[in-house]
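S.K.: Residue-level listing of the chains:
2 protein chains.
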Amino acid sequence: MLNRVRSAVAHLVSSGGAPPSRPKSPDLPNATSAPPAAPPQAPRSPPARAGSGGAAPARTVEARASFSRPTFLQLSPGGLRRADDHAGRAVQSPPDTGRRLPWSTGYAEVINAGKSRHNEDQACCEVVYVEGRRSVSGAPREPSRGQGLCFYYWGLFDGHAGGGAAEMASRLLHRHIREQLKDLVEILQDPLPPPLCLPSTPGAPGSSDSSQLVGPQSCWSSQKEVTHESLVVGAIENAFQLMDEQMARERRGHQVEGGCCALVVVYLLGKVYVANAGDSRAIIVRNGEIIPMSREFTPETERQRLQLLGFLKPELLGGEFTHLEFPRRVQPKELGQRMLYRDQNMTGWAYKKIELEDLRFPLVCGEGKKARVMATIGVTRGLGDHNLRVCSSTLPIKPFLSCFPEVRVYDLTQYEHCPDDVLVLGTDGLWDVTSDCEVAATVDRVLSAYEPNDPSRYTALAQALVLGARGTPRDRGWRLPNNKLGSGDDISVFVIPLGGPGSYS
Amino acid sequence: MLNRVRSAVAHLVSSGGAPPSRPKSPDLPNATSAPPAAPPQAPRSPPARAGSGGAAPARTVEARASFSRPTFLQLSPGGLRRADDHAGRAVQSPPDTGRRLPWSTGYAEVINAGKSRHNEDQACCEVVYVEGRRSVSGAPREPSRGQGLCFYYWGLFDGHAGGGAAEMASRLLHRHIREQLKDLVEILQDPLPPPLCLPSTPGAPGSSDSSQLVGPQSCWSSQKEVTHESLVVGAIENAFQLMDEQMARERRGHQVEGGCCALVVVYLLGKVYVANAGDSRAIIVRNGEIIPMSREFTPETERQRLQLLGFLKPELLGGEFTHLEFPRRVQPKELGQRMLYRDQNMTGWAYKKIELEDLRFPLVCGEGKKARVMATIGVTRGLGDHNLRVCSSTLPIKPFLSCFPEVRVYDLTQYEHCPDDVLVLGTDGLWDVTSDCEVAATVDRVLSAYEPNDPSRYTALAQALVLGARGTPRDRGWRLPNNKLGSGDDISVFVIPLGGPGSYS
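In order, the protein sequence lines correspond to chains A and B.
Residue 276 in UniProt numbering is what sits at position 276 of the first sequence, and the numbering runs on without skipping anything.
Residue 95 in UniProt numbering is what sits at position 95 of the second sequence, and the numbering runs on without skipping anything.
You may find that some hints are simply not true.
Said to hold, decoys possible - The calculated BS3-like cross-link candidates involving lysine-lysine, where the alpha carbons are at most 30 Å apart (straight line), are:
1) B:353 / A:271
2) A:313 / B:398
3) A:370 / B:224
4) A:398 / B:224
5) A:352 / B:224
6) A:182 / A:224
7) A:352 / B:398
8) B:115 / A:224
9) A:333 / B:224
10) A:182 / B:352
11) B:224 / A:115
12) B:224 / A:313
13) B:353 / B:313
14) B:271 / A:353
15) B:313 / A:398
16) B:182 / A:353
17) B:224 / A:369
18) B:353 / A:224
19) A:352 / A:370
20) B:115 / B:398
21) B:333 / A:224
22) B:352 / A:271
23) A:271 / A:182
24) A:115 / A:370
25) B:271 / B:224
26) B:182 / B:224
27) A:313 / B:352
28) A:398 / B:353
29) A:224 / B:369
30) B:353 / A:182
It should be emphasised that the hints constitute simulated quantities derived from the structure, not laboratory data.
Take the sequences, apply the hints, and build the full model.
M.R.: What follows is the structure in structure tokens.
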């Protein structure tokens, strides 16, 4: 998430806030008490000194949070120091000994080249058991049902303007998903279509008058069919929102600074759900074929949504921004001339006469990795960022950001997968310098060098992908074999096998 | 557009309005004075009696407009009567003698089975010359430039709640496009990239003060590249908007009743631009391969846009509608129970406790052809509908409708087309009962029965497509060979050859 937030940090720091304190337990049932996030910090501050307190029972709240890496890495104090070393940029993976990640998932990560103090990516990989709430029908549970559900879960969280939001999301988002699924445990295991209406929850008011009922008669005679799959999608969507709301509630006490992109995979009842909010990406490589499983949400891809919001709610622009896009900044001397522009309805461009309010800064500007909302942030979906404001202004940016993911579904049962078929998740540190085809080529090259039943092959593949994006130090930079610059960003990769040794069936 | 507007007509009729009068000349330069649209009429009124005044110089304003069919059909008085006969439903095409449509374009149409008084589809096919405005650079025009531009134009307009909007659009939309292109004549013929800024138009204010300039510095150093293609897209988009605004201005005097979907093709400088607003559709069939060239805009495909608008501007819902979607109408007795729903952010479904305001009618309801906005209209983009209101209410629906098309571009120079490669445009009367594959099969079957250089083959193909969607009268209805019901709607089809005898090169 390097370079994707400008100017935000000064505001975060200047916004005061309580001193770092031990967080209260999150709102969620069974939430384990977890280390608090790091306090506000400048993303370009120098790397932490090696040995400054990275041991497991950290000396201060700040130090503990600063060095937080995924627990499945099982990092020793020395390993933690190496993981935090911007000079060496050692690739980290779970140890080859002991318990593997579910499905023999491969994982590798590397810290950035020094542009933020710590690695602001976080990751989570869990098997989550969902116990049903008492029978939703209100009747005593039948013995054959209510057996609970298991889902497999992988998450990548790419933080910006601090590591707090990514850390919190990596710790709690899957619990929000579990909460949302609790009501569905029986329904999802029932071959019948989901009931459209459930009896009231205890204490809910009963039927009431219908004085608010309007005149028009129903225009549909039958009812809409709702699938089990769409219930899981809805559960994941709402879990993202509740996670974001929790961050908003707890941001003062817990110092949940910054925000994060979230890319999450849920495997449940034969289907893989890929939920993405931000600019991380997921692809399936199946028999050499590439199947995109996500879409990036950036100021460019969401330009029209952002412009529409600015147009409908001009108060959100604070008189400082215009919802129109121009191909470059309009100069005062150009007043009265005609400049190319496009608005929320247009994909093409046209000329308009420049008026005084067109001199305001455009809500959306820039191209590619330099595209920004309100000259500040380069991603438009994700979690957190509740304190994010425009530089030299108090204008909040959060209203333009969406916490909702796009969820794509892949039915694992529709295809007989071989051990070389994988789902690859990566933060933008991977994708900025690696094409889908290059990933597919690496998949082929690395996996063919291992026996199909060797469970370490997916970790080796994740490492190869991270190394291929990082490059090696040469000519005052990290460079790829073709001498182009490697990624100086944090890089994190999951490789999830879709068949073979880690079989889930 | 059958069955796509409920309840609207009563309001249109009851809204009064001036008596039918000769329209003043439209706002556009060179607009020909044209017959006024028909006055408000019930779409399900009985078919007009044959011979009730369909001759070319009609006896009354109403009669003239009622029978308006595309001029390129060159219908005789008798042909006009047959075209208006719901019982026979004779397929109409341009005569095989005399001047052909540009590119030997094929066209066929048929009236509905009696559900609206007249055929509410309209069509237009023109070659339009665009004369540049005086040199946009302000300098005297160079002799080598300013030669003007030609574009080829095809439009299908599927009216609802009356034929006025479709008739007006078929007469004027290409003129709006021409107006938008006038400023671009030089720019589009210049191999250099379009200038981002043009000198001020005469009488425009010069440079002014920059007191409104805000603080944030530009986040982009370079300027965005704007292509010639995106200028044409912008011109078409703005032409749709100006057409819609003209309808709004003139709807009283001219009786522009109802609204229409618009599907338009522009061929300019080697590229085909397909602009669609509504539920008509366009596909290219190329060497047997199907290339979709449009997307339908309906309450289902635009649900989230509509819900977002209702959420951000609740006053548009008038306290009568809820922006939430439910799988069926919520009953008052279900208050306090939990019902499946989804909001503007969700693609999945979840349960929520029913509260009083959930008993309001949903903004979007129904499925497939029965889906409706505000229980009234089944398409969400198009032109007109300025008077459309919710039944038993004064709530306007127009704010939820968009007049902007989606424009897709196809570069004709990137592929060597053969005479069997065609672009097929059809109103929903075709697509409701015909799949893309069936269209492709008909393309293959009909064209292979004709010599490649026989220019009548595309008309024969259009006729075959219309006949295949209409069916034949049998068992108290129009039935297809498989005994399913044919389309009872108006059906209109253009077949545009992309290579071969009608070559444009």
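S.K.: Can you give the numbers of the hints that this structure goes against, from lowest to highest?
M.R.: none
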